[in-house]
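A.B. asks: Listed below are the residues making up each chain.
Number of protein chains: 2
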Amino acid sequence: MGQYSDLDRKVIKLGKMVVRMCTAAGSGHPSSALSILHLTTALMYRVMRYDPKNPWNTGADRLVLSEGHAVPAVYACYAELGGVAGRQDAPLTLTFDDCLTLRESASVLDGHPNPPQGFPFFDAATGSLGQGVSAAAGLACAARVQGSDKQIYVIVGDGESREGQIYEALDFIIDHKLTAVRVIFNANGQAQSDYVSPQQSAEALTKKLEAFGFDVKVIDGHNFDEIMPALTAPATDKPIAIVAKTVKGWGVNEFLTSNYHGKTLEESQVAAALADLDAKGAELGGDADADVAQLTTPQAREADAYAEVSAGTFEEACQYTGNDKAFAAKKMSTRKAYGVALAALGRDRRVTAMDGDVRGSTFAEYFFKKHPERFFEARIAEQNMISAGAGLAAGGTIPFVSSFAKFIVRGYDQIEMAAISEANLKISGSHAGISLAADGPSQMAITDLAFFRSMAHAKRTDGAPICRFFQPSDAISAFKLTELMANVEGMCYIRTARPDVPFIYDENEEFTVGGYKHLIDGEDLAIVTSGYMVHVAMKAAALIEERSGLRVSLIDAYSMPLATDEILQIGDDCRGQILVVEDNYAGGIVDEIAQAAAASDMGVMVHPLYLKKMPKSAKTPEDILAQVGLTAEDIAAAAQRIFDMSE
Amino acid sequence: MGQYSDLDRKVIKLGKMVVRMCTAAGSGHPSSALSILHLTTALMYRVMRYDPKNPWNTGADRLVLSEGHAVPAVYACYAELGGVAGRQDAPLTLTFDDCLTLRESASVLDGHPNPPQGFPFFDAATGSLGQGVSAAAGLACAARVQGSDKQIYVIVGDGESREGQIYEALDFIIDHKLTAVRVIFNANGQAQSDYVSPQQSAEALTKKLEAFGFDVKVIDGHNFDEIMPALTAPATDKPIAIVAKTVKGWGVNEFLTSNYHGKTLEESQVAAALADLDAKGAELGGDADADVAQLTTPQAREADAYAEVSAGTFEEACQYTGNDKAFAAKKMSTRKAYGVALAALGRDRRVTAMDGDVRGSTFAEYFFKKHPERFFEARIAEQNMISAGAGLAAGGTIPFVSSFAKFIVRGYDQIEMAAISEANLKISGSHAGISLAADGPSQMAITDLAFFRSMAHAKRTDGAPICRFFQPSDAISAFKLTELMANVEGMCYIRTARPDVPFIYDENEEFTVGGYKHLIDGEDLAIVTSGYMVHVAMKAAALIEERSGLRVSLIDAYSMPLATDEILQIGDDCRGQILVVEDNYAGGIVDEIAQAAAASDMGVMVHPLYLKKMPKSAKTPEDILAQVGLTAEDIAAAAQRIFDMSE
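Chains A and B, in that order, are what the protein sequence lines are.
Taking the numbering used here, the leading residue of the first sequence gets 1, the next gets one more, and so forth.
Taking the numbering used here, the leading residue of the second sequence gets 1, the next gets one more, and so forth.
The shape of chain A in the complex, shown without the other chains:
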């Protein structure tokens, strides 16, 4: 009997539940779960400092399960420990038999780790692979900012170690010396379609990890004598990575006969599988139901007193960041105003920031200079930045992550996963639309409205939109909307542009979620637009009045979801005609309003004027607007066609 025979015996009990719960669910990944079961048992019964009765303890060590499909292993351990799930205002103590509700619509035990659906033991929703190491790194950044010594454990599959994001995360961990993260690779040698590539063998992973700068410990992942020292070894100046050699389907003979990835046993096969495990258990002896947990309950971090995060006045923030002259000249790009707001917000220690090697262009540079201890440069690796940002949010900070809006596209899958996590993540995409001009389409975000709008119309568990979208037209609105983002719970995206533009708003103007601004009050046509195009539309409005004597209403639709009822009313007051002008592809503001118009019987007509061709480089914003047909003249001509039609 080794010193860990009690844990060995517990694994048998847990393994039986893994088999049973997956068969009861009719789907799941029992063979993957069995391969990590010794690892989760070691972590959850011995190594992690946490309280299964209080998953909301902010001082607790954390586990990120990057290979989310193996989650039955965690559910089995947690339920056997009588862990608490559910919402904090309606906690739910799990029993071992609750595992049999796996994947049911009413169960908190989702198919993959899903914290907001009732399993707060996890911080990060996982299941789309290769994202867990980044989330763990973000949690470690948050812990560092907070002065916490919490440890973050992350289990990664060998198959998913093909995802490039893993390597982004490894570089990030080394760059920032995040020794609080312990990365555990589960090298069971099998992926879904086949054995893993030799490029993901335990040996290859070890070589790569060493080349990336890790202290690598190669262990037998089913032997606690090797697992425990590797999990508890103090990190030196090098972060530790563990390559655990494991067996997919450990303990169940049927699973060893072929590739059982993602397959459960039939009811008729369960008895034999349980017998396999029982036979192993009988060899081990001991009491499977013994309480073998030896856990330390950590001290919770003192909660920050709730207060709004304030950026102060724009004038003061401009002084703070050395932008007095631009303030006086009343001209600044929206991306720069974002940076001004970010630096000013950063005076609140809850605020953190990341950027993808373009901080001089996104103006996250201002934050970096003022609050370097809370800034985490992510370099040119946007996927890791988004997932690490979600980790920073889960760790209790208010993270703002920024890059060119085009490069944020690189992280759309990660953004969707952050949305499932209901991460309080703030995303800034700069140089959006086409006004960037000279660099050409590889640097232009044109699909982003469609993507983010789709998430603005679906609800989180608390009824809020999954993502809120803001597109400021001037520096004042950019500043105020950035501040608003910090104070709205949940994911937000702000879309800023490259060119310097004159201020439109007064410093006291207020901006709200779902709001819009009625900039010009006319009666012949309502023009709705946003962002950089507001400036072009203002010129168009002047042209129209000059030529036809007709007066348009002009609306700055800076928020999504949008108050479409009110905008339709304005359209109704403008001869029932709305023209929507956008520097993005289909799927943006025009659809927002058209969907509302077509579902109403008001009879308001909505006319689109958006980007309908792939742009190329042009020297100036004016040149590119001419290239794609979105100049003030183009807008005026579109308006004239509507006037002619509605005569």
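In short, the hints are calculated from the structure, not lab data.
Please note: incorrect hints may appear among the correct ones.
One copy or two, it doesn't matter: identical chains are merged, so the pair holds either way.
[Said to hold, decoys possible] In silico BS3-like pairs for lysine-lysine, Cα to Cα no more than 30 Å straight-line:
{"hint": "1", "residue 1": "Lys-612", "residue 2": "Lys-517"}
{"hint": "2", "residue 1": "Lys-263", "residue 2": "Lys-613"}
{"hint": "3", "residue 1": "Lys-325", "residue 2": "Lys-263"}
{"hint": "4", "residue 1": "Lys-217", "residue 2": "Lys-325"}
{"hint": "5", "residue 1": "Lys-459", "residue 2": "Lys-613"}
{"hint": "6", "residue 1": "Lys-619", "residue 2": "Lys-53"}
{"hint": "7", "residue 1": "Lys-13", "residue 2": "Lys-517"}
{"hint": "8", "residue 1": "Lys-459", "residue 2": "Lys-539"}
{"hint": "9", "residue 1": "Lys-263", "residue 2": "Lys-370"}
{"hint": "10", "residue 1": "Lys-459", "residue 2": "Lys-619"}
{"hint": "11", "residue 1": "Lys-369", "residue 2": "Lys-517"}
{"hint": "12", "residue 1": "Lys-263", "residue 2": "Lys-330"}
{"hint": "13", "residue 1": "Lys-53", "residue 2": "Lys-459"}
{"hint": "14", "residue 1": "Lys-619", "residue 2": "Lys-13"}
{"hint": "15", "residue 1": "Lys-370", "residue 2": "Lys-177"}
{"hint": "16", "residue 1": "Lys-331", "residue 2": "Lys-263"}
{"hint": "17", "residue 1": "Lys-517", "residue 2": "Lys-539"}
{"hint": "18", "residue 1": "Lys-238", "residue 2": "Lys-217"}
{"hint": "19", "residue 1": "Lys-207", "residue 2": "Lys-238"}
{"hint": "20", "residue 1": "Lys-619", "residue 2": "Lys-238"}
{"hint": "21", "residue 1": "Lys-177", "residue 2": "Lys-613"}
{"hint": "22", "residue 1": "Lys-263", "residue 2": "Lys-619"}
{"hint": "23", "residue 1": "Lys-369", "residue 2": "Lys-330"}
{"hint": "24", "residue 1": "Lys-207", "residue 2": "Lys-217"}
{"hint": "25", "residue 1": "Lys-263", "residue 2": "Lys-369"}
{"hint": "26", "residue 1": "Lys-177", "residue 2": "Lys-207"}
{"hint": "27", "residue 1": "Lys-459", "residue 2": "Lys-207"}
Bear in mind the structure is a predicted one, so any value in this text is a computation, not a measurement.
Following the hints, complete the assembly by docking chain B onto the known chain A.
C.D. replies: Frame of chain A; chain B shown alone:
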């Protein structure tokens, strides 16, 4: 005088043009371009087998410039060589002075490599970083399929070597022994915001490349005595990677004073820069205008005779893939029918395929089994798969790439870059929508309609949509639409679902770009839907008639862009009421129709019924439809509300 002093002298001439063209453009990346100028000179004047007068030669070696912002170096070389640009039916011989049109709206010299805008020397649009190695790998796969010995050179920046996709591509190159690819890392030590991380130093890159399995040659990137042997060394069984140590802003003193990333010199600084280079040139002596090119013109690959790619009949293809029983039972999932079509299409040697380690689930497995020599397993690395797929397309094959639709989101930035390249890429996203059920939201594609629809409404240079979107409802339509994709020039996305569903269509039914099917002809309400939801809506139609005696029209809107005029007409004939039912978030079919309705004066009302909450796991498709309010009962209730309202 070394053996390459003539090339050294040429670099001086080219460097002067790099400085001048960037200043003329007012933007660009002269310092990056100068760091790779020796490399591009070696490649374009000596190493590559190609004909500057005929960039369309299909036998030529290829260059992919992953760090696209350094493109002025390539433009300078190509123009000095009198290379041909433009379209094949309107070729344009560049002069050296044409470089001064860099980034103009009318210029073929876009800000980043942009083949369809008139620079076919390149295969791949680049500029969003980290994608070039994958594109090169795809070109090498195409060359292998075609029996061509063409070499593919790719230049990668050290800063962009932080992108995880680079590591996905390296693994892929080793897995498939793509020794035709020579990966050249430009280690100039500077990125945009700062010096590169020590993780991307020449030394660190060398260690990583060795760990990944490359034969690594570290050279001075400004010394032809080291460059030429490294570029021309024959590859052994290991692919060769070159780490070229370079100087950002080489040859121009001003560039060496600080970080000039992405900055051009002022007009007033140009003279000094040219003088710096001239001084170096004077040391070298020789004639900068000498014709130093020593190029081999390759034999073009024999063109495939044009013929439609045929999948044959569905019945025969089912036999071919062992699906006789499913055919007889008239029940099959759309994802499986995709696989059946793909295997059948694969009998045409132009067709290639890739999959992201889920080929058993996407049914790309059928292609793999029948045509393994044209199947390239990409493993769990979707970004590389999409970009390599674009490379396979640029190499003249017709590539189909597949994964779960959710994991395709991982490659949206790469898809946008493939769109800029106008790549003939066919993308299959399986398990889309929510009918996957049990695995939960991390495996569900719900934003994909919004994203792809946005690109379906913008035009390529040839006037076709940037991307066409298909969503089949049954196996017949999935089979036919997959065949259609092979025969439509340009990017297409097909969205398939997990569940087995009964056949709706007859084997002889025809499907077209922009088409739809009027499945039931009623007069009281038009229900428009697509994909899996067609089956649910059919049940709803029966329920509605049973309960109210009212008859609905049912439309399967399987294509995007959609023939909205005709659908509005059907709605007009159905009391002017349309109900759109979708298992995705906002931004899909409802917006397609609402945009058309709101721009018309027909007064047809469009009512949405789509996914408005974040789903979680549920055991069955029925359970999840109930969870989110999209059952047949929910549809019938929505229809009843419309009837009540329009009484």
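A.B. asks: For every hint, state whether the structure bears it out.
C.D. replies: Hints, one by one, checked against the model:
1. In this assembly of identical chains, the alpha carbons of Lys-612 and Lys-517 lie at most 30 Å apart whether taken from the same copy (26 Å) or from different copies (27 Å).
2. Taking the shortest Cα distances, Lys-263 and Lys-613 sit within 30 Å of each other only across copies (29 Å), while inside one copy they are farther apart (46 Å).
3. Proximity of Lys-325 to Lys-263 under the C-alpha cut-off of 30 Å is restricted to the inter-copy arrangement: shortest distance 23 Å between copies versus 65 Å within a copy.
4. In the homo-oligomer, the alpha carbons of Lys-217 and Lys-325 never lie at most 30 Å apart, since the shortest distance is 56 Å inside one protomer and 51 Å across protomers.
5. Within a single copy, Lys-459 and Lys-613 get their C-alpha atoms only as close as 33 Å, which misses the 30 Å cut-off; across copies the closest is 4 Å, which meets it.
6. Only between protomers do Lys-619 and Lys-53 lie at most 30 Å apart by alpha-carbon distance; the minimum there is 28 Å, versus 61 Å within a single protomer.
7. Proximity of Lys-13 to Lys-517 under the C-alpha cut-off of 30 Å is found in neither arrangement, the shortest distances being 62 Å within a copy and 55 Å between copies.
8. In the homo-oligomer, the alpha carbons of Lys-459 and Lys-539 lie at most 30 Å apart only across protomers (27 Å), although the nearest pairing inside one protomer, at 38 Å, exceeds that limit.
9. In this assembly of identical chains, Lys-263 and Lys-370 lie within 30 Å of each other by CA distance solely across copies; the values are 25 Å between and 53 Å within a copy.
10. For the identical chains of this complex, Lys-459 and Lys-619 are inter-copy neighbours only, at 21 Å across copies versus 42 Å inside a copy, given an alpha-carbon limit of 30 Å.
11. With identical chains, the CA atoms of Lys-369 and Lys-517 are never at most 30 Å apart, being 34 Å at best within one copy and 60 Å at best between copies.
12. Taking the closest pair of Cα atoms, Lys-263 and Lys-330 come within 30 Å of each other only across two copies (26 Å); inside a single copy the shortest separation is 63 Å, beyond that limit.
13. Taking the shortest alpha-carbon separations for Lys-53 and Lys-459, only the intra-copy value of 29 Å comes in at or below 30 Å, while the best inter-copy value is 57 Å.
14. Taking identical chains as interchangeable, the C-alpha atoms of Lys-619 and Lys-13 lie at most 30 Å apart only when they sit on different chains, with a minimum of 25 Å there against 68 Å within one chain.
15. Proximity of Lys-370 and Lys-177 under a CA criterion of 30 Å is satisfied intra-copy only: 21 Å inside one chain copy versus 49 Å between copies.
16. In this homomeric assembly, Lys-331 and Lys-263 come within 30 Å of each other (Cα to Cα) only across copies, at 22 Å, whereas the closest approach inside a single copy is 61 Å.
17. In this assembly of identical chains, Lys-517 and Lys-539 lie within 30 Å of each other by CA distance solely inside one copy; the values are 17 Å within and 45 Å between copies.
18. Taking identical chains as interchangeable, the C-alpha atoms of Lys-238 and Lys-217 lie at most 30 Å apart whether they share a chain (12 Å) or sit on different chains (28 Å).
19. Taking the closest pair of Cα atoms, Lys-207 and Lys-238 come within 30 Å of each other both inside a single copy (15 Å) and across two copies (17 Å).
20. Taking the shortest Cα distances, Lys-619 and Lys-238 never come within 30 Å of each other, neither inside one copy (48 Å) nor across copies (44 Å).
21. In this homomeric assembly, Lys-177 and Lys-613 never come within 30 Å of each other (Cα to Cα): the closest approach is 46 Å inside a single copy and 39 Å across copies.
22. Proximity of Lys-263 to Lys-619 under the C-alpha cut-off of 30 Å is restricted to the inter-copy arrangement: shortest distance 15 Å between copies versus 56 Å within a copy.
23. With identical chains, the CA atoms of Lys-369 and Lys-330 are at most 30 Å apart within one copy only, with a shortest distance of 24 Å there and 66 Å across copies.
24. In this assembly of identical chains, the alpha carbons of Lys-207 and Lys-217 lie at most 30 Å apart whether taken from the same copy (11 Å) or from different copies (19 Å).
25. In the homo-oligomer, the alpha carbons of Lys-263 and Lys-369 lie at most 30 Å apart only across protomers (21 Å), although the nearest pairing inside one protomer, at 52 Å, exceeds that limit.
26. In this homomeric assembly, Lys-177 and Lys-207 come within 30 Å of each other (Cα to Cα) both inside a single copy, at 20 Å, and across copies, at 19 Å.
27. Taking CA atoms no more than 30 Å apart as the test, Lys-459 paired with Lys-207 passes in neither setting, with 44 Å inside one copy and 47 Å between copies.
In the structure shown, a violation is registered for the earlier hints numbered 4, 7, 11, 20, 21, 27, in ascending order.
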